[in-house]
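Starting from the known structure of chain A, fit chain B onto it as the hints suggest.
So the sequences go chain by chain: A and B. Take 1 as the starting number for the first sequence in the numbering used here and just add one per residue. Take 1 as the starting number for the second sequence in the numbering used here and just add one per residue.
Hints listed in this document are in silico derivations from the structure and should not be mistaken for laboratory results. Hints may contain errors.
As the list claims (entries may be wrong) - Footprint (simulated), chain B over chain A, 3 or more residues, beta carbon under 8 Å:
{"id": "1", "segment": "39-48"}
{"id": "2", "segment": "92-100"}
{"id": "3", "segment": "103-113"}
Here the structure is a predicted model, which means the values were calculated and not measured. Glycine residues also receive a C-beta, built at the ideal position from the N, C-alpha and C atoms.
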Amino acid sequence: GDSVTQMEGPVTLSEEAFLTINCTYTATGYPSLFWYVQYPGEGLQLLLKATKADDKGSNKGIEATYRKETTSFHLEKGSVQVSDSAVYFCALFEAGNNRKLIWGLGTSLAVNP
Amino acid sequence: KAGVTQTPRYLIKTRGQQVTLSCSPISGHRSVSWYQQTPGQGLQFLFEYFSETQRNKGNFPGRFSGRQFSNSRSEMNVSTLELGDSALYLCASSLLGARGRDTQYFGPGTRLTVL
Chain A
1 GDSVTQMEGP VTLSEEAFLT INCTYTATGY PSLFWYVQYP GEGLQLLLKA TKADDKGSNK
61 GIEATYRKET TSFHLEKGSV QVSDSAVYFC ALFEAGNNRK LIWGLGTSLA VNP
Chain B
1 KAGVTQTPRY LIKTRGQQVT LSCSPISGHR SVSWYQQTPG QGLQFLFEYF SETQRNKGNF
61 PGRFSGRQFS NSRSEMNVST LELGDSALYL CASSLLGARG RDTQYFGPGT RLTVL
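With the rest of the complex left out, here is chain A:
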């Protein structure tokens, strides 16, 4: 079945460092891809999405490009802040009769001042 693999954390960075969180997927069809973020004690917030190959999702300085040839959707941010400390989840959406989000295990990010 479809699956999502994320790089393991935790990831620890200093403020203003460059962030990359790798995400690859396996899917039989053409899923939509998402990044969600979860801050401590809270639910999931949608960061960005992409619905087809070569789409670039972006939000608040965070970007990810849907790469069908490498089945990847890596998250990037040019300069992290302490407030970016959270857990980041990559997910794909299976459409059709079995519609649901399939999740990676999450990558914990800690940003030090």
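For chain B alone, kept in the frame of chain A given last:
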């Protein structure tokens, strides 16, 4: 527009009891999905409701059930609670509810602790 709301935010129950969690979707959204989040298993899909009908179900035992009302509000019920049911239960709503691509928006979750 108000987001997805879930009540209660925290629950403590003992083994063998049952519990009901509530979710109110974003206004106009007709699809509600439920997910369980645990440290060991991560995020797992429970079920989806659309127009008061369960349209899809994950791989959970029959102790987990749900329903949706005509105003799209949804409840999920867990009977005969087990220690392993301790988790964050997340509700998500989406607009289209069709069998195509859709974006799910999440509530803050209900933290269930089973003692």
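Right, here's what the structure says about each hint:
1. Only residues whose beta carbon comes within less than 8 Å of a beta carbon in chain B count, and the segment 39-48 of chain A has 5; three or more means the coverage holds.
2. Against chain B, the segment 92-100 of chain A contributes 7 residues with a C-beta closer than 8 Å to a partner C-beta. That satisfies the three-residue criterion, and the hint holds.
3. Look at the segment 103-113 of chain A against chain B: 4 of its residues bring a Cβ nearer than 8 Å to a Cβ of that chain, three or more, so the hint holds.
The structure agrees with every numbered hint stated previously.
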